[in-house]
Structures are given as C-alpha cells and as structure tokens.
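Work the whole structure out from these sequences, hints included.
Chains as they are written, first to last, in the working numbering: chain A, 1 to 147; chain B, 1 to 147; chain C, 1 to 147.
Think of the hints as simulated: they come from the structure by calculation, not from any bench.
Any given hint could turn out to be false.
Straight-line alpha carbon distances no greater than 25 angstroms define the calculated SDA-like cross-link-like pairs of lysine to any residue that follow [to be verified]:
hint, chain 1, residue 1, chain 2, residue 2
1, A, 35, A, 14
2, A, 69, B, 4
3, B, 35, A, 114
4, B, 4, B, 44
5, A, 64, B, 74
6, C, 27, C, 7
7, A, 4, A, 84
8, C, 35, C, 88
9, A, 5, C, 4
10, A, 64, B, 70
11, B, 4, A, 115
12, A, 5, C, 36
13, A, 64, B, 65
14, A, 64, A, 22
15, C, 116, C, 20
16, A, 69, C, 70
17, A, 69, A, 92
18, B, 64, B, 10
19, A, 14, A, 90
20, A, 4, C, 117
21, C, 14, C, 88
22, C, 69, C, 35
23, B, 5, B, 32
24, A, 116, A, 145
25, C, 35, C, 115
26, A, 69, B, 73
27, C, 116, A, 136
28, A, 35, B, 140
29, A, 35, B, 9
30, A, 4, B, 1
31, A, 69, C, 75
32, A, 35, B, 4
33, A, 4, A, 90
34, B, 135, B, 86
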Amino acid sequence: MQIKKEVIEVNTSKGICIYNITPQIEKLLQVTSVKNGQVLVFCQHTTTALAINEDEERLLEDVKIHLSKLAPESGIYLHNDLHLRDVPEDEPINAHSHLMAMMLSSSEVIPIVDGKLALGTWQSVLFFELDGPRKRAVLIQISGETN
Amino acid sequence: MQIKKEVIEVNTSKGICIYNITPQIEKLLQVTSVKNGQVLVFCQHTTTALAINEDEERLLEDVKIHLSKLAPESGIYLHNDLHLRDVPEDEPINAHSHLMAMMLSSSEVIPIVDGKLALGTWQSVLFFELDGPRKRAVLIQISGETN
Amino acid sequence: MQIKKEVIEVNTSKGICIYNITPQIEKLLQVTSVKNGQVLVFCQHTTTALAINEDEERLLEDVKIHLSKLAPESGIYLHNDLHLRDVPEDEPINAHSHLMAMMLSSSEVIPIVDGKLALGTWQSVLFFELDGPRKRAVLIQISGETN
Chain A
1 MQIKKEVIEV NTSKGICIYN ITPQIEKLLQ VTSVKNGQVL VFCQHTTTAL
51 AINEDEERLL EDVKIHLSKL APESGIYLHN DLHLRDVPED EPINAHSHLM
101 AMMLSSSEVI PIVDGKLALG TWQSVLFFEL DGPRKRAVLI QISGETN
Chain B
1 MQIKKEVIEV NTSKGICIYN ITPQIEKLLQ VTSVKNGQVL VFCQHTTTAL
51 AINEDEERLL EDVKIHLSKL APESGIYLHN DLHLRDVPED EPINAHSHLM
101 AMMLSSSEVI PIVDGKLALG TWQSVLFFEL DGPRKRAVLI QISGETN
Chain C
1 MQIKKEVIEV NTSKGICIYN ITPQIEKLLQ VTSVKNGQVL VFCQHTTTAL
51 AINEDEERLL EDVKIHLSKL APESGIYLHN DLHLRDVPED EPINAHSHLM
101 AMMLSSSEVI PIVDGKLALG TWQSVLFFEL DGPRKRAVLI QISGETN
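Structure, rendered in structure tokens:
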C-alpha cells in the first residue's frame, strides 16, 4: 500500500470559471507506482467545488448559467451584510459562491484500475472557481497497491 | 488489504429512471472476504448519477419532478445547439441530463463494517439514468481488511 | 494500515438545523495513530446530509433559505400522500427533507495529512438535520498508515 499527497495550484480568473484538471491528476498518477486504488481530489476552499462531467465548452457555459439561476449573485443573502459581521475590510460579497459550492461537491473519489484513472470516455475532473480571481489549492491524494 | 474491482451493467429505460442497485453491490461484497473497508460506487458516464436515499416509489417520482423543475428538458441550453458543435449525427439533445448529473453525484463511498454495507435502515444506493435508454456501466471497487 | 470505526451521535432540534461536527471528528482522529489516510464521514439517514463549508452563522441561515426555496416544505409531493402508502401512523410528512438530502451529500471524504484533517482555513464539516428533532448517527471511518 502507498499513500501519496500532492497539490495542484490553480490561478483562477474573475467570477465563475471551470478548469479541467484531469491532465494534471493523470501526470501525478503516472509518477507513482499505484496500480489499483483511488485518487481523492479535495478542494481546500469554501467557494470552489468539483464535479466530474464532460469538458464541452458550451455545456460549461450552461452550467454557469444554471448555477447562477439557482443561487443568483444579485440575490439577498444574510452572509453579505458585512456591516453585521466581524470581518476584514477586504471581505468579499460571496454568499452565492458558497451556496453554489454546496450544490456541487468539495471532493471527488476516482478509482485507479491498472495504473490509470477509471474515467469514462466523456468524463473529466472539473474544478469550479466560484469567486475568482484567486490562487487556489486542490489536494490530490493517491492511494493503493503498487504491485 | 484487498482491492477488488467489479462492474454492474444496467440496461436502462427511456428518459429519467432510478434503479436500486444495493442488492447487486451486496452480492459482490459477499464473495469478497473484506470485513472492514469501503465500497466505492462510480458511474462512468456524464448523464447518469448516484444518490443514497429511500427506495420509495412515490418519492422517486418526486425526485424526477424535482430534477426536471431545476433543469427542465424544455430549457434553452447552448450544449443543445448541435449545429454549432462538431458532433456525430446521432448526438443526443441532453444538456438537462448533464446538469441533473452535476446536481447529484458521480460516486458514492459506503463504509463496510463487519463484512456488511453500513447503510441505515432506509438507505439504498440509487443509480439515476438521466438520458435513457442506454447500456450503462457502474464500477464497484471494494477495498479493506480481510481478517 | 489501520481502519477504525466510530459513531458520532447528534440530538437534533426541530426542522432544518446545521451542526459543525469538525471538533468531534478531530477528537476521534487524535486517539488513533493514523498519520496519512482518510476520514470517511457517512450519514446513516435519508433526511440528513453533509457538506463541507464555512461555519458562519448568517451563511448557514442563507443555506436553509436556499434549500427551502429549491424544495419547499409547502410543495406538493407524492411521497407525502400517506393515505396512498403502507406506513405507520407516526410517518412524517418529509418529502422536501429527502430532496434536500439528495441535493447535498450522504458522505464526505477528508484527507488526513501528518495526523491532521487536511481542511482549508474556512472549511468545517457540516451535518444537516433536515427533518428534526431526532436522534441521529454519523459514522466516522478513519483509515490509513500509522507510521
């Protein structure tokens, strides 16, 4: 059994952006000798998220529109009343980003079979920035059998 | 430690259908000797999903109605403009299915305790077809201690 | 490798309530000797859920309002027609709670790095009661290397 931890850094753009981080994860997997096991992908932020789906440019625009309908940035949120909270001066107005993050997921677990990510043909690991631009960290933990 | 991979095949019906795959997972677990560990259930498709909840027929109808309200098939989606994408002739019109899949989950992890799935009384593993009919594959990875 | 199972019990209040169970998980982790691995947090109920996000009081109120908009308690649901189902007399009217649970998650997997939960600065493990008051069980499975 081997357990290895790595970090993928993503410098994100403004607002909501979606990044396909599958190639980076595959590269990290290749340098381990894990043959059967799992990759745990874990966001260390409360306004980012993960999903596994198709990396098709027009679909990713649909997802952004969909999330913005369910939790509009222009909505009225208690979390955005900064004057009622004890916060630093540069605190962002981002309740909608937190709500979107909770509708998606903070982590994804992907099986490793024969040394490869067992993703289906159209599946990619998508990292969602929901309150950019920021410097973000995605933790990648690879574990399994090496023989 | 043992890690074992199996595949459950599901031939789905038209549109949105929900299948309780708990019995198949339990059968696969029984033929391993894993006593403590985890079952990772992983969909290899971008228009299917998983959830753990109650297998009650009227509730499952409510879930379908709920998903269809949040991401209606009749909605206007960029992904559905097939003439603007480089796709085969039989490409499905299924942006709503992708959005539903992202609101649910591509995977579920269930603890194994004393050789059994540690599901609560009312919990079942539900596989969602969101763009049927199709032949679908659900990967089951069982890992843990065998003593 | 070590795999250890524990249960956190939560006596919940009426309706929708959110509990930060991070301190209990950290306490359980401290008494193991796992240095690198994972904590699997798993709800054994169909009207509770988990999310990892910020434990900020006003944000948690926003989340409750958000969930109640997407799946209102006052909505019309087939699951709530108790006279058409074979149920005990004290069966709750809780279709909305099941739908909310499915929009969130039944489980969360958190990496353990250097003997600690690898949560980001603002991340907490949040347990959602969606149909309280009840006595609830959250299963905690800690697994990994002990050296």
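So, going through the hints one by one against the coordinates:
1. 35/A - 14/A: violated (38 angstroms)
2. 69/A - 4/B: violated (42 angstroms)
3. 35/B - 114/A: It holds: about 24 angstroms lies between the C-alpha atoms, which stays within 25 angstroms.
4. 4/B - 44/B: holds (17 angstroms)
5. 64/A - 74/B: It holds: about 18 angstroms lies between the C-alpha atoms, which stays within 25 angstroms.
6. 27/C - 7/C: Given that 25 angstroms is the threshold and the Cα spacing comes to 12 angstroms, the pair holds.
7. 4/A - 84/A: violated (43 angstroms)
8. 35/C - 88/C: Given pair residue 35/C, residue 88/C is violated - Cα atoms ~47 angstroms apart, limit 25 angstroms.
9. 5/A - 4/C: holds (21 angstroms)
10. 64/A - 70/B: This hinted pair holds, its Cα atoms lying about 14 angstroms apart.
11. 4/B - 115/A: holds (14 angstroms)
12. 5/A - 36/C: holds (9 angstroms)
13. 64/A - 65/B: holds (22 angstroms)
14. 64/A - 22/A: Holds, because 20 angstroms separates the two Cα atoms, which is no more than 25 angstroms.
15. 116/C - 20/C: holds (17 angstroms)
16. 69/A - 70/C: Distance ~11 angstroms between residue 69/A and residue 70/C Cα, so the pair holds.
17. 69/A - 92/A: holds (20 angstroms)
18. 64/B - 10/B: The hint holds at about 19 angstroms.
19. 14/A - 90/A: Within the cut-off at roughly 16 angstroms; holds.
20. 4/A - 117/C: holds (15 angstroms)
21. 14/C - 88/C: Judged against 25 angstroms, a Cα distance of about 21 angstroms means the pair holds.
22. 69/C - 35/C: violated (42 angstroms)
23. 5/B - 32/B: holds (11 angstroms)
24. 116/A - 145/A: Satisfied, since the Cα-Cα distance of roughly 13 angstroms is no more than 25 angstroms.
25. 35/C - 115/C: It holds: about 4 angstroms lies between the C-alpha atoms, which stays within 25 angstroms.
26. 69/A - 73/B: holds (16 angstroms)
27. 116/C - 136/A: holds (20 angstroms)
28. 35/A - 140/B: holds (16 angstroms)
29. 35/A - 9/B: Holds, because 24 angstroms separates the two Cα atoms, which is no more than 25 angstroms.
30. 4/A - 1/B: holds (17 angstroms)
31. 69/A - 75/C: Roughly 20 angstroms separates the two Cα atoms, so the pair holds.
32. 35/A - 4/B: Since the Cα atoms of residue 35/A and residue 4/B sit roughly 12 angstroms apart, the hinted pair holds (cutoff 25 angstroms).
33. 4/A - 90/A: violated (36 angstroms)
34. 135/B - 86/B: Cα-Cα ~24 angstroms, so holds.
Of the numbered hints stated above, those contradicted by the structure are hints 1, 2, 7, 8, 22, 33, listed in ascending order.
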